[in-house]
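Enquirer: Quick note, the sequences are listed as chains A and B, same order.
Position one of the first sequence corresponds to residue 1 (the working numbering), numbered consecutively onward.
Position one of the second sequence corresponds to residue 1001 (the working numbering), numbered consecutively onward.
Mixed in with the good hints there might be a few duds.
As the list claims (entries may be wrong) - As a list, the in silico SDA-like pairs of lysine to any residue whose alpha-carbon atoms are at most 25 Å apart:
hint, chain 1, residue 1, chain 2, residue 2
1, B, 1274, B, 1200
2, A, 620, A, 639
3, A, 481, A, 379
4, A, 149, B, 1106
5, B, 1105, A, 579
6, B, 1105, A, 552
7, B, 1094, B, 1115
8, A, 149, B, 1139
9, B, 1105, A, 147
10, A, 155, B, 1274
11, B, 1048, A, 242
12, B, 1246, B, 1118
13, B, 1105, A, 554
14, B, 1048, A, 379
15, A, 348, A, 376
16, B, 1094, A, 99
17, A, 155, B, 1036
18, B, 1105, A, 374
19, A, 155, B, 1079
20, B, 1048, A, 553
21, B, 1094, A, 3
Hints listed in this document are in silico derivations from the structure and should not be mistaken for laboratory results.
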Amino acid sequence: MTDRKFFSQKALAFSFVTAMVMVGIEVSPWIAFSSVGLLIWKWGVENLKWKPLSKKVTGVLSIALLVQILLQFRTFIGQEPSYTFLLGLSGLRVMDYRNERDHRFLVLLGFVLVSVKALFSLDIYWIIPSALAFAGLWYSLLPGALPHKGRVLLKVFALSVPAAVIMFFAFPRVVLPWAMSRGSNTGQIGFSEELNPGNVAELAGISTMVFRAKLSETGIKNAENLYWRGSVLPYSRGLSWRPGTLGLRAPEKGTEVSKSSLYEIALEPHSNTYLFVLDGTSEVQLEQGRTMSLNGDIYRSARPLMTTTVYRAKWSEGSKDTLAPDEDYLRTPEMRGRVLEWVEQTKKDAAGTEERLQALQDLFAKNDFTYSLNPGVYGGPNDLEAFLFYRKRGFCEHFAGAYATLARSLGIPSRVVVGYQGGRYNPMGDFWRVTQRDAHAWVEVFHQGVWQRKDPTSWVAPLRLVIGAEDFFNLSEEDQKVFARNVQWRPSKDSGITLWDRAEFLIDDLNYRWTYFLVDFDRSSQKSFWQSLADMKLQMILGLIFVTVIGVLLFRSLFRTKGLVSEERVLFLAVQKWAEKRNQPQESGETPLHYLTRLAEENPQQREALRDIGHFIDQKAYAGERLERQSQHLLRLWKQAVEKGS
Amino acid sequence: MPSRFGVAFGAMALVLFFLAVGYANNLIYIFVFFLISVAVTGILLTNKNMDIVRVEGIESPELFAKEEGRVRVDLENNSDIPAWEVEAVFAKSKDLTERISLAPKSQESLFLRFTPLSRGYISLPRITLQSVYPFGLLRAWKYAVSEQKILIFPQRRGDVEFPVDSVSGEGMQQSGLFRDHRTFQSADPLSRIDWRASARRQELLVKNYEEPEKPALSFSWEQTAYLEDPESRISQLCLWVDQAAKQGYSYSLTVGSKEHGKNSGAAHRQECLKTLALLQTENLP
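Based on the provided sequences and hints, a complete structural model is requested.
Expert: What follows is the structure, encoded as structure tokens:
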């Protein structure tokens, strides 16, 4: 086998390095820098005659990499361990690159890199680099001496598309009974069913997308009204709250809600079972038998959600949970210090629930609380006291946790709801985009026979709810503090939606459509797709025939008389084909020029064109003249002469 | 038939497919299906590529036992599309030829290295024509079998020096026999001018002479009696015949009842070598 240089194989080097970069930006710096180092080293070996690593050393390093990953992650499954392993292996294999076998191994490894990237990142943004890497890897497999390699590859791809499309739509989607984990405990969206001080604030610090929702039918236009329920926490520990068993909700026996509308959510994978629903949701349709409806208007999927999941939900304005709470919803930890004093005092001052609720609202609204993503750490035996009466800095979870605990101690059954609030509306795609920044916690109190929403954040920082988390957290901390209570205030923007915003909306819309229509093509959508095709039987058959004919014609024409054929040969073949039809074949031993001369004598109408062609072939093939582009002209003249003759 | 790379590619595609099913990931489904689709298109092209190549003939120049020679495979592409990267290999051999491409309506030849093991008529091993174009995933092949047997001459082995008793006086001719006249050229020595003839023809003429004739050689089975192994004796005779022909000697060969009289030229050499190639040694002394 002949020696090869990695960086001389431009197509391979470009596509493989692209695949490495796509994976490399997601891994720990040590492995990313090691891989870059190996690439630079390889470049030095090939261009500056640096000493290469021997195969023995790379073999030992591969084993060391395996051991390191096992020690660090204790598994190979999951995004980070698999990315780390593949990236490290790629760097070492590039260092080993010497011959055709290594070349082919790298091509296979490149395909694996691209597909593993697709496994963990469904975003449309990766399609372009992935497609480039994919095409480059195939390109690098074509024989080096082949002319017009790009064109050949394009044709192969064009011919492959129909089969790939048919396979994609026709292949039955099997849902395995065992779910493969992506190896992440908290899941991609990071939502967890705990309310420890700092949890939600930590989530809100990152802008990863959680879900997109289409609410057109509901008529909701304001972000303020969007409360997305994720989970209900019934156990109070003061400032922090814990989840508990909610129990399956009994089938509805109450009155039918008069007017309900449907909305759709495309939820990003999170390796958990949460289904986020709008406050007021009465039913969720995922796939048959796959959702569970829990008390507290909470919904769960029966299986962990490993892939982007689309579900539909029924919503009606004013729909409230009426399930009466038990005594557990009044249980609090022991109140102490100033908290106890405040509770005792309020109990004396406000006898009824309404008054007590008002007193609670006043506590938060009139005591100069600061809404902040960085309130500092709360701990110690009486963190509630520290928060309510001394530091007074908190995020929504602190306000919700404290409010609900105080409400319970005042004898009002209450619970904390965690989820998301608001979202960013995309006018291009008519959907709401909810990110981790919208993470939120609020309170529900049982009063007058229904669970009523109380959001202390709306008293402390109403601006956060009005302008949305993204715009609010983009403000400086000083602005946040000053304008938090001023609902009329708006961050200064040049003039409404900027061009950048539009581009962002457009890309996000494309991404959403991609996710929704293609990536989430599951068994049910496959069924409905085929059903809709079956409804159009005739059109389908005609369409298929059309596609087949086009495909066959493409295949025949694209690979005809190209490549090795010189232009004078093309001309001669055209004449020869014409003459054979007229029963004037070339005789054995007859040279092309003699043949053309004979044809010119026997066919006076084409004589001139045949002489020109003869002259061209003579000059080009025998005299070695460089007559660029004349053949096209002659071919046209020849066709005209033939048409004229017929 | 899939190449090694094809098998590895298939295994990788299978793993990716299970990944797609396991994770119910449609993006990987798209990726895998397109990957497979491109591979299948490549495989169809590989088959089509080989399908248009026809074997016109298999030719071999003279081949000597245990000496590497070349067998020519003449290929023809009668179609309107080129055939890319075609190579040939003998059955059970790994010695591939270089890869050639055939333009539409054209002929090309491939040359296979071949080392016959014994003399006499043999059948050439089956030749496999193959191509892995375009991606190297599949090896499409077709067999080319030569129906005619080819004659392998004995191995040329032994003493290069001719035996002493092979040179006889008979047939020796004096050198410098006059052949004809030709016109004088400036480089010719003056001594070669035939003045008498020049005077007659009114132009300077020089004499042309025959090349000095070499002695005729006689080779016989008996001359190799010092070698015990009959095959070595045949190889020695083969070497002498070949050397004599190369050096332009006239020679004769007598092996048992077979006798080729004194002669020279390619046909004579061919006859002598054929006799040696087909020689049965049982009845020889």
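Enquirer: Next, verify each hint and record whether it holds.
Expert: Status of each hint after checking the structure:
1. A threshold of 25 Å between alpha carbons decides the hint, and for residue 1274(B) with residue 1200(B) the separation of about 52 Å lies outside it, so the pair is violated.
2. Taking the CA atoms of residue 620(A) and residue 639(A), the gap is about 20 Å. The hint holds against a cut of 25 Å.
3. The suggested pairing of residue 481(A) with residue 379(A) holds, with an alpha-carbon distance near 24 Å, which does not exceed 25 Å.
4. Annotation: proposed proximity of residue 149(A) to residue 1106(B) holds, straight-line Cα distance about 22 Å (limit 25 Å).
5. About 16 Å separates the Cα atoms of residue 1105(B) and residue 579(A), which keeps this hinted pair within 25 Å; it holds.
6. The suggested pairing of residue 1105(B) with residue 552(A) holds, with an alpha-carbon distance near 23 Å, which does not exceed 25 Å.
7. With a CA separation close to 13 Å, the supplied pair residue 1094(B) and residue 1115(B) stays within the 25 Å bound.
8. The suggested pairing of residue 149(A) with residue 1139(B) holds, with an alpha-carbon distance near 20 Å, which does not exceed 25 Å.
9. Of the supplied pair hints, the one linking residue 1105(B) and residue 147(A) holds, its CA atoms being roughly 18 Å apart against a limit of 25 Å.
10. Of the pairs offered as hints, the one joining residue 155(A) and residue 1274(B) is violated, with about 55 Å between alpha carbons and a cut-off of 25 Å exceeded.
11. Of the supplied pair hints, the one linking residue 1048(B) and residue 242(A) is violated, its CA atoms being roughly 68 Å apart against a limit of 25 Å.
12. Between residue 1246(B) and residue 1118(B), the direct Cα distance comes to roughly 23 Å. Compliance with the 25 Å bound is thereby established for this hinted pair.
13. The straight-line distance between the Cα atoms of residue 1105(B) and residue 554(A) is roughly 22 Å, inside the 25 Å bound, and the hint therefore holds.
14. For a cut-off of 25 Å, the pair hint linking residue 1048(B) to residue 379(A) is broken: about 75 Å separates their Cα positions.
15. The straight-line distance between the Cα atoms of residue 348(A) and residue 376(A) is roughly 33 Å, outside the 25 Å bound, and the hint therefore fails.
16. Distance restraint check for residue 1094(B) and residue 99(A): the Cα-Cα separation of roughly 18 Å lies within the 25 Å cut-off, and the hinted pair is therefore satisfied.
17. Simply put, residue 155(A) and residue 1036(B) have alpha-carbon atoms about 16 Å apart, close enough for the 25 Å limit, and the pair holds.
18. Our distance criterion of 25 Å between C-alpha atoms is broken by residue 1105(B) and residue 374(A), whose separation comes to about 79 Å.
19. Simply put, residue 155(A) and residue 1079(B) have alpha-carbon atoms about 20 Å apart, close enough for the 25 Å limit, and the pair holds.
20. For the hint pairing residue 1048(B) with residue 553(A), the CA-to-CA distance comes to about 16 Å; that is within 25 Å, so the pair holds.
21. For the suggested pair residue 1094(B) and residue 3(A), the alpha carbons sit about 19 Å apart, so the restraint of at most 25 Å is met.
Hint compliance for this structure: hints 1, 10, 11, 14, 15 and 18 are broken, all remaining hints hold.
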